[in-house]
Amino acid sequence: MDFALNDDRRMLAETLERFLSDNYDIEKRHGFAMMDDGFSKQMWEKFAELGIIGALFDEKAGGFGGEGADLMVVFEALGRHLVVEPFLPTLMAGTILAGAGGQEALLEQVINGETAIALAHGEPSSRYELASVSSIAEQSGKEWIINGDKSVVLGGSAATQLVVSARTTGEADSENGISLFLVEATNGVTKRNYSTINGYGAAEIKLENASGILLGEVDQGYKLLERAYAAGIVAISAEALGAMHVATDLTVEYTRQRKQFGIPIGKFQALQHRMADMLIELEQMRSSVMNAAGNLDKDRLDREKEISACKHLVGTIGRQVAEEAIQIHGGMGMTWEYAVGHFAKHIIMIDHVLGDTDHHLERYIALGRNT
Amino acid sequence: MDFALNDDRRMLAETLERFLSDNYDIEKRHGFAMMDDGFSKQMWEKFAELGIIGALFDEKAGGFGGEGADLMVVFEALGRHLVVEPFLPTLMAGTILAGAGGQEALLEQVINGETAIALAHGEPSSRYELASVSSIAEQSGKEWIINGDKSVVLGGSAATQLVVSARTTGEADSENGISLFLVEATNGVTKRNYSTINGYGAAEIKLENASGILLGEVDQGYKLLERAYAAGIVAISAEALGAMHVATDLTVEYTRQRKQFGIPIGKFQALQHRMADMLIELEQMRSSVMNAAGNLDKDRLDREKEISACKHLVGTIGRQVAEEAIQIHGGMGMTWEYAVGHFAKHIIMIDHVLGDTDHHLERYIALGRNT
Amino acid sequence: MDLAYTDDEKSFRNTVREFLKEKLSSRLATKVKLGKRLTKQDMEEWHATLNEKGWLAVNWPEEYGGTGWSAVQKHIFDEECWAAGAPRTVPFGLNMLAPVLMKFGSDEQKAHYLPRILDGTDWWCQGYSEPGAGSDLASLRTSAVREGDHYVVNGQKTWTTLGQHADWIFCLVRTSSEGKRQEGISFLLIDMNAPGVTVRPIILIDGEHEVNEIFFDNVKVPVGNLVGEENKGWTYAKYLLTHERTGTANIGNSNAALEKLKAIALEQKKSGKPLSEDPYFAARMAKVEIDLKALKTTNLRILVDADNGAAAGPESSMLKVKGTIIRQELNDLARRALGPYALPFSSEAMEEGYNEEPIGPDYANAVAAKYFNNRKMSIYAGSNEIQREIITKTKLGL
Amino acid sequence: MDLAYTDDEKSFRNTVREFLKEKLSSRLATKVKLGKRLTKQDMEEWHATLNEKGWLAVNWPEEYGGTGWSAVQKHIFDEECWAAGAPRTVPFGLNMLAPVLMKFGSDEQKAHYLPRILDGTDWWCQGYSEPGAGSDLASLRTSAVREGDHYVVNGQKTWTTLGQHADWIFCLVRTSSEGKRQEGISFLLIDMNAPGVTVRPIILIDGEHEVNEIFFDNVKVPVGNLVGEENKGWTYAKYLLTHERTGTANIGNSNAALEKLKAIALEQKKSGKPLSEDPYFAARMAKVEIDLKALKTTNLRILVDADNGAAAGPESSMLKVKGTIIRQELNDLARRALGPYALPFSSEAMEEGYNEEPIGPDYANAVAAKYFNNRKMSIYAGSNEIQREIITKTKLGL
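Chains as they are written, first to last, in the working numbering: chain A, 1 to 371; chain B, 1 to 371; chain C, 1 to 398; chain D, 1 to 398.
The shape of chain A in the complex, shown without the other chains (with noise of 0.2 Å):
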């Protein structure tokens, strides 16, 4: 049992914290975020250039990394920065194209950040149902033809390629019966861009006889997007605990200079009580993040586990540190212009992302039965 990053993550991690620590300030990071698709373009190509965006994939899809740790060195430290740029879509959507097979060239294309992917799978009425699709395809020659609507789509703003899923056949929550496409943002694709509340482009995506190219195999598509969720909430949790990780220590820090009454707050014990018990439950969130990471790769109904204890502590850890950070900074949590709202903003958003707590939950139950 080894707990400790080897050498190669290490030095990953130290490059992507310099850079960042350089290049991504918080009033830098509002800006990105109010770029066109939400991000910057010229700082993805930076990311791509470090080698960033190549962490996400193993040797195999092109990539040198792609393992649970590798996402969670990267993941933690944008969460660190709150980065806006599209690491999750292009992680979700190419761990599909890679599991899929035959589209080395357009990961190639990703990978050195020339191109744009998302996975538009949630739909208006699947909530956080993986097995919930309505949207169809049909089959014309060689050709997919697909018709339905895309909620939510992380990333979907930027995209100009896209994974879709779509029912091929069965009912519309079954499991079995729903394909993956490789979709072009073009014709027959409606997209309406907006930006999240905390700051990410998204899009609702409407398809009217979209053409479709068929990943992997026909009506096997849920083993593939069930993989490419179980490596977005490895992402996606790290990058919550990134988030958490600063909001608890820009709260421990205001409160060693903030004063009231003369003395500095941090020396009031029931403001020390409850950090103590943010700290307990940041240890809490690594190891849950560790345990993720660590099975990724592992049998199904271990990484299940995992993958869902983890984003259910997500949700309640982050619910308590956020609004933690928040009361114990007063006011200033409140406002635009100081740092840490913006914290605990993007950790209580990211209970939405992928599964709420609650679902998280109900679901590490249901895994459970199975066993």
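Calculated directly from the structure, the hints in this document are not laboratory data.
Honestly, I wouldn't trust all of these hints.
Beyond 10 Å from chain C on every Cβ pair, some chain D residues (computed) [what the hints assert, rightly or not]: (1) A4; (2) L24; (3) T67; (4) A138; (5) E178; (6) D305; (7) D307; (8) G353; (9) G360; (10) K370; (11) M377.
Pairs of lysine-lysine residues, derived as DSSO-like cross-links and limited to a Cα-Cα distance of at most 30 Å, are as follows [to be verified]: (12) K31/D <-> K191/B; (13) K395/C <-> K393/D; (14) K267/B <-> K393/D; (15) K267/B <-> K393/C; (16) K191/A <-> K31/C; (17) K142/B <-> K223/B.
Label pairs and their in silico Cβ distance ranges [said to hold, decoys possible]: (18) A366/B <-> D2/C: 26 to 34 Å; (19) E14/A <-> N193/C: 50 to 58 Å; (20) E49/B <-> Y64/C: 39 to 47 Å.
Quick reminder that beta carbons are idealized off the backbone N, C-alpha and C, glycines included.
We have chain A already, so just place chains B, C and D on it with the hints.
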């Protein structure tokens, strides 16, 4: 809207409180709990003389009270002194006798303290489900013959007359088909007497061809039961409130006296904030008991929603108050010698009487669906 | 003990309900229910409507043009207003300044300012907090130095809610640095249009402009604008803190939020069934409903006691803490109920004029923003930490 | 980063499991699993069994007869022992006194006392707390006055766990009242059979006799029983606090409690179905399981770091707080799972010899008692409040 007690009840409260202050300190209480059947027959007679038993019943039943507010006043005082005499069993069995009618003579003996009664309703597998009755009653001439097992019958050890529920028709968990009987605790009734962990007399009761007198109408016992449970829940909740009050007062007082690091521990802000939360929840508890008591004779749905809301809070607030009281006392809170632990114990164990916090939350939700 | 409303109270509720049906425009009610941004004009319109009916100053005695209502009546009015989607009234003049003026102001001050609060001539804001004086209010440093028939005010106030709309600000200022810190504070009324007053917006994390910093640079304030005696301002501010208990518990607000939550949970589907039928979500909704039910009674008990002349204790602190916990839990449940549709946010969609198709359900846009905005509730008006101090210190007497 | 157990670790687990299968009597395991009262003989029997195998002193280096195991091995051993229903070892000699002797004791002391801990000759108990010195340990007042080749000890210790069985007690005593309060404290070994030592039982709320008061009335203690230097006892006590981190998190204990809870929830029926299928109860069980899963990793991370020589920080405080929260939540769920059958309690049924039919299920009798008994976990060994202080003070450095 009026939250004050009327003069009669204020006098009742003062009389009872004075009597208990003079005669019922914690040492005496332990002594009473160690007696046969888990209480003092002498004290019981004195309570009867003071009219406290009569205050549980309305004039039709030979008493001079019986409203929710009467129960609240009496049981809150009982809770402040951890009184072990069988008020709750008397109230619940008596409410059924009064509701069924025709048992005036017996009720008179009960109110005089001459006869001990109890409600034998729960069964080994019924948990908290009111309609779950598997005991069977069959008619044989004018008599009814009853067979079945009754479990955790509070006051069952002392009772010479039992109000027993048994099924006369229907499925084992149907509200319809439950009938109530008056059974003399002699032939065909085997008791195994014991004490609960918080010091109250109880019994497991086996009915083997016991003969009973039908109370009220055949198959229609559920309504009477539900009303008796409503009264019982108002009572035990008020009792819990009284105990929570003392536990909180003892805790506050302890922190004024007990010094660590040279100052009273009540000056430690972390404890102050937690005690503030205890005090807030105590007010919530009082409000909820008032809501339940004030609706005891209102429409069924209003009544039952308030009843379940209240018993739910008894479980959650009770746990908070009991655990904090012990924790803030430290080691002293763990000892038999010091009073607060006994209050905590009683508060916690009340959660297991007449449905726990989860049961009543679920019931509250179900009742809401009926509106 | 009788928890039922009397017939009079029931008929009062009907009267209020009919008034609201008739006089509250659906334009305003819709904005409030969808959580859209209210303009200054919206708020003024609603004040005027209430004032016309004589129902604006619910906490004022009749002699000053108030309603003279009982605690229960005020509670009913509050519940009905929230249920109907009425904007909340702006409290700074009505509920904060006015009671101080009535108790400590001169006859001239009362005669001049009180009617102008009612008829909307003056919009007031509050100048208590300073950057270095939050919970520790007594450490405030904005100074007022007497020069002839004027004070000259220098310093800075912050967290001034709706100060951007205000004509006047009532301030705690330091007029002496001798004795205890609390002793040199005075209560001063300052014209926001006076030379030397500057307003700087503070944008909150939900992007809203709601609070401000106010700077005073050699602002001349006539001596006649001093309320009560010099150096006694702390007493007046404290009087206000314990005096005003209606509304602290946020009952009407939470009622309305609970109803909205229930509507969302009924409409949102989880695996094809309403979210409200999900056992775990239903349990969390029921818990907060049960808490709110109890708090409603706690609130009424305290208000009725106060009507009957009970001395003010730590009760309003209890109402503040529990009331905000409940309100914030409702915010949390509402954002959670939305699922992924809590994420999209459009600031333009907060405006009345916006008529593009909403992203997701039409009630979704403001929900997450409101969750973040309402984090302020446990911070402002004496943080919940300060309230807990007050509660235990009163009880322990240490 | 590799979270899997190595092959060596897996095979170690098998070895432990087989040992337990062979050597742990079903008599003892049944008593432990039903939560019955363990006698002194029960505990001594288990110590002897472990000692025979060389597995008693898991935290000692091999040179003293310890196992020399890695952190992961100790963790595995702990998990397996709890899972099998082994009694816990009595920590006072093994894990509290021994490390202090090894680090600060004389060669004679080591040679004399350590083997006697292993072979069960000496049963040790701990004399730290006093009636006036709980969390504020440095205010202790039991005095030891040097008279020739003896100290004369007077005073009182309290909360002395299993002191009724003990042959020896290690005490913090005051040998000087000069300087800081911490500076005049010494670490003394006292024979419980010496004249002037009296033991008075303290009965806990569950009716158990587990802790004691110990009175010292002019007890003569040879100077040779002083550990280390006079007036340096505080240093030794603190060393112990940060040194010993295995077990603080209660992982094995909580594992076993979770398994027991699951068994109860499967057997207890609610409306005809296992309670474990009730969505709300299942959610609460899953939450604590998820917390425990994370804490297991937190624990291992910290232990492995410590093995690798990491300096001791506030980590053991974190493990203590979260570990007891989890353990106590499991106690709460277990009593709740029992429904009405949590109420009956028979002290006689806690004894091994009891063979009447149980009231309710056979596993029910000890459950509520254990809930109350385990409230101690957040109080003893540095209350959770003290642990939180340590955590933040380390982090804030204020």
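We went through each hint and held it up to the structure:
no.: 1; hint: A4; in the structure: holds (33 Å)
no.: 2; hint: L24; in the structure: holds (40 Å)
no.: 3; hint: T67; in the structure: holds (45 Å)
no.: 4; hint: A138; in the structure: holds (23 Å)
no.: 5; hint: E178; in the structure: holds (32 Å)
no.: 6; hint: D305; in the structure: holds (35 Å)
no.: 7; hint: D307; in the structure: holds (41 Å)
no.: 8; hint: G353; in the structure: holds (44 Å)
no.: 9; hint: G360; in the structure: holds (27 Å)
no.: 10; hint: K370; in the structure: holds (27 Å)
no.: 11; hint: M377; in the structure: holds (26 Å)
no.: 12; hint: K31/D <-> K191/B; in the structure: holds (28 Å)
no.: 13; hint: K395/C <-> K393/D; in the structure: holds (29 Å)
no.: 14; hint: K267/B <-> K393/D; in the structure: holds (19 Å)
no.: 15; hint: K267/B <-> K393/C; in the structure: holds (9 Å)
no.: 16; hint: K191/A <-> K31/C; in the structure: holds (28 Å)
no.: 17; hint: K142/B <-> K223/B; in the structure: holds (23 Å)
no.: 18; hint: A366/B <-> D2/C: 26 to 34 Å; in the structure: holds (28 Å)
no.: 19; hint: E14/A <-> N193/C: 50 to 58 Å; in the structure: holds (57 Å)
no.: 20; hint: E49/B <-> Y64/C: 39 to 47 Å; in the structure: violated (58 Å)
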